[in-house]
Amino acid sequence: MEREDRVTDLTLKVEKIVDETSAIKVFDLVPANGAALPPFTAGAHVDVAVTLPDGSRDKRSYSLVNSPAESGRYQLGVLRDANSTGGSAYMHDGVHAGDELSVSEPKNRFSLDDSAPQSLLIAGGIGITPILCMARVLLLQDREFELHYVARSPEDMAFRAEIEALLGDRACLCFDGGDPTQGLDLEGLLEKRPEGCQLYVCGPVGLIDAVREKSHEWGWPDAALHYELFKVEDAKATKPKDTAIEVTLAKSGTSYTVPAGESILEVLLEAKVDADFDCKMGICGLCATKVLEGEPDHRDHTLSEDEQAEGQMCICISRAKGPRLTLDI
Numbered sequence: 058m059e060r061e062d063r064v065t066d067l068t069l070k071v072e073k074i075v076d077e078t079s080a081i082k083v084f085d086l087v088p089a090n091g092a093a094l095p096p097f098t099a100g101a102h103v104d105v106a107v108t109l110p111d112g113s114r115d116k117r118s119y120s121l122v123n124s125p126a127e128s129g130r131y132q133l134g135v136l137r138d139a140n141s142t143g144g145s146a147y148m149h150d151g152v153h154a155g156d157e158l159s160v161s162e163p164k165n166r167f168s169l170d171d172s173a174p175q176s177l178l179i180a181g182g183i184g185i186t187p188i189l190c191m192a193r194v195l196l197l198q199d200r201e202f203e204l205h206y207v208a209r210s211p212e213d214m215a216f217r218a219e220i221e222a223l224l225g226d227r228a229c230l231c232f233d234g235g236d237p238t239q240g241l242d243l244e245g246l247l248e249k250r251p252e253g254c255q256l257y258v259c260g261p262v263g264l265i266d267a268v269r270e271k272s273h274e275w276g277w278p279d280a281a282l283h284y285e286l287f288k289v290e291d292a293k294a295t296k297p298k299d300t301a302i303e304v305t306l307a308k309s310g311t312s313y314t315v316p317a318g319e320s321i322l323e324v325l326l327e328a329k330v331d332a333d334f335d336c337k338m339g340i341c342g343l344c345a346t347k348v349l350e351g352e353p354d355h356r357d358h359t360l361s362e363d364e365q366a367e368g369q370m371c372i373c374i375s376r377a378k379g380p381r382l383t384l385d386i
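Those letters in the sequence shown? Residues 58 to 386, by our numbering.
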């Protein structure tokens, strides 16, 4: 979270829940007290307070799928994840129409470039939620774009009928039957970049990595590629062979020992060090910090090669290749 004291929570009422597919529910949230909702922009998400199986409370991030022009509601699409730690199960089983939820104000780390002459939108599975919001905005602004959306099957494709009706031939829908090699033709999509075109992709890590690889092969600049991961299957801040490291904060000169079983961020937060963070999975990049001494062991899925070369590291998940690091904190 962007320093917890900055977060403002809203109390929202669940107005309606729709079974979009057998595994995806759509939640319409409205103000519980009739107050106006804070505005949001395409690509934004909110953090929803959830109750986990052990009774503890935590937060889960969900993208806003409706148009920002709809000022009276937030609409979320939530996939029931078989590997969930409890967040999506709570949303599917524990939340009902009429319930009230504690929800953060919208935040956006996946925003549209308002100056781009053309946009290419790519979505996989539940990654359609922020991408569809972007498509709504681009359509409303009469800007040039196309959407390419892949799902396992027609029955698994959320918002299919709405997308076909809303976007027509701007949208290309395909089904891979669970085999990524039968999905999107990334080679054909990315081999030629229209002047000024911006690329947006959201979906599973395999899709993100494939788009990053192909876009780099065909010369797309890093600045033209925008992506968001909802989760990373192997996102772990610690690994079996990790050892303790020493982390020194340059501005205070204070050093901390980071045990093998904890992340740098966890140790700093325990010590009441003021640090920005959100996802804790190496996805959002909010915790990126400059390394002044030592060699980081990068485990994130957000920093570009240029950013890593400049000495940035995500302290929520990355560690050190050697025994110590000095950070610009």
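These are calculated hints, taken from the structure and not from any lab test. Some clues are possibly wrong.
[Stated by the list, open to error] Computed cross-link-like contacts, DSSO-like style, restricted to lysine-lysine with a CA-CA straight-line distance of at most 27 Å: (1) 329 x 116; (2) 249 x 271; (3) 298 x 249; (4) 347 x 378; (5) 298 x 271; (6) 337 x 164.
Tested hints:
The suggested pairing of residue 329 with residue 116 holds, with an alpha-carbon distance near 20 Å, which does not exceed 27 Å. Distance hint between residue 249 and residue 271 is fulfilled; the C-alpha atoms sit about 11 Å from each other, no more than 27 Å. Distance check on the hinted pair: residue 298 and residue 249 sit about 43 Å apart at the alpha-carbon level, beyond 27 Å; violated. With a C-alpha separation of about 16 Å, the suggested pair residue 347 and residue 378 falls inside the 27 Å cut-off, and the hint holds.
Taking the CA atoms of residue 298 and residue 271, the gap is near 32 Å; set against the 27 Å cutoff, the hint is violated. Between residue 337 and residue 164 the alpha-carbon distance is near 16 Å, which keeps this suggested pair within the 27 Å criterion.
Violation of the numbered hints given earlier is confined to hints 3 and 5; the remaining hints are satisfied by the structure.
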